[in-house]
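Engineer: Below are the chains, spelled out letter by letter.
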Amino acid sequence: NAGVTQTPKFRVLKTGQSMTLLCAQDMNHEYMYWYRQDPGMGLRLIHYSVGEGTTAKGEVPDGYNVSRLKKQNFLLGLESAAPSQTSVYFCASNGQGSGEQYFGPGTRLTVT
Amino acid sequence: AQSVAQPEDQVNVAEGNPLTVKCTYSVSGNPYLFWYVQYPNRGLQFLLKYITGDNLVKGSYGFEAEFNKSQTSFHLKKPSALVSDSALYFCAVRDSAGKSTFGDGTTLTVKP
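Residue numbers (my numbering), protein chains in the order written: chain A, 1 to 112; chain B, 113 to 224.
Calculated from the structure, these hints are not laboratory results. Where hints are given, some of them may not hold.
Straight-line Cα separation of at most 27 Å, DSS-like style, residue types lysine-lysine; simulated pairs [said to hold, decoys possible]:
| id | chain 1 | residue 1 | chain 2 | residue 2 |
| --- | --- | --- | --- | --- |
| 1 | A | Lys9 | B | Lys181 |
| 2 | A | Lys70 | B | Lys211 |
| 3 | A | Lys70 | A | Lys57 |
| 4 | B | Lys211 | B | Lys170 |
| 5 | B | Lys181 | A | Lys71 |
| 6 | A | Lys9 | A | Lys71 |
| 7 | A | Lys71 | B | Lys211 |
| 8 | A | Lys14 | A | Lys71 |
| 9 | B | Lys170 | B | Lys134 |
| 10 | B | Lys189 | B | Lys170 |
| 11 | A | Lys57 | B | Lys189 |
| 12 | A | Lys57 | B | Lys170 |
| 13 | B | Lys181 | B | Lys223 |
| 14 | B | Lys189 | B | Lys134 |
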């Protein structure tokens with residue numbers, strides 16, 4: 001049981017490049033989330049999903065898109081990366097609305 | 113809009129002394145409240161949650177938290193701190209639609 005995994009672990013992009021971050025969970029969870037963590041700002045919710053085929057905007061969705069085509073996967077896309085998107089990105093999932101979240105190990109993204 | 117406030121960026125305690133990490137929240141409806149801990153270069157780990165029932169919730173590693181509806185608070189406590197408790201602690205609230213909001217985090221330092 002791997003829990004929540006994220007790929008890649010590290011990435012450096014140039015401004016304007018695109019990339020996709022992959023989150024996978026093997027716990028059959030309905031809910032999945034993407035957060036970014038910046039120093040002194042805690043975790044900010046980018047997008048989330050309450051089930052396969054559904055997505056919703058969080059607190060800071062601009063510049064990001066997501067897809068949840070399969071229940072176990074939640075993809076985060078950056079179409080045109082900007083230096084302001086330099087951050088550590090965490091994926092999380094939980095099984096029910098009241099359940100605790102399980103977090104992945106994070107992806108450290110640097111945009112130059 | 114829901115929100116979480118952790119009024120202290122840093123809490124310092126001596127080993128063996130009790131510790132409190134404060135959290136207040138704002139949310140529509142009944143709150144789901146959580147505490148998580150983060151060690152350096154790691155994802156967040158679940159400590160405890162309040163969904164309903166007893167206002168005193170017990171969690172992992174000897175931590176507990178008290179839900180106070182009138183003060184909209186959910187403070188994290190431990191009777192006797194350990195050096196190994198030193199980490200970054202996050203309070204979070206989730207609404208009935210599944211949207212989660214985290215506080216900015218409190219760095220706990222326990223000195224020998």
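Engineer: Of the numbered hints stated earlier in the document, which are not met by this structure?
Structural biologist: 1, 5, 8, 11, 12, 13
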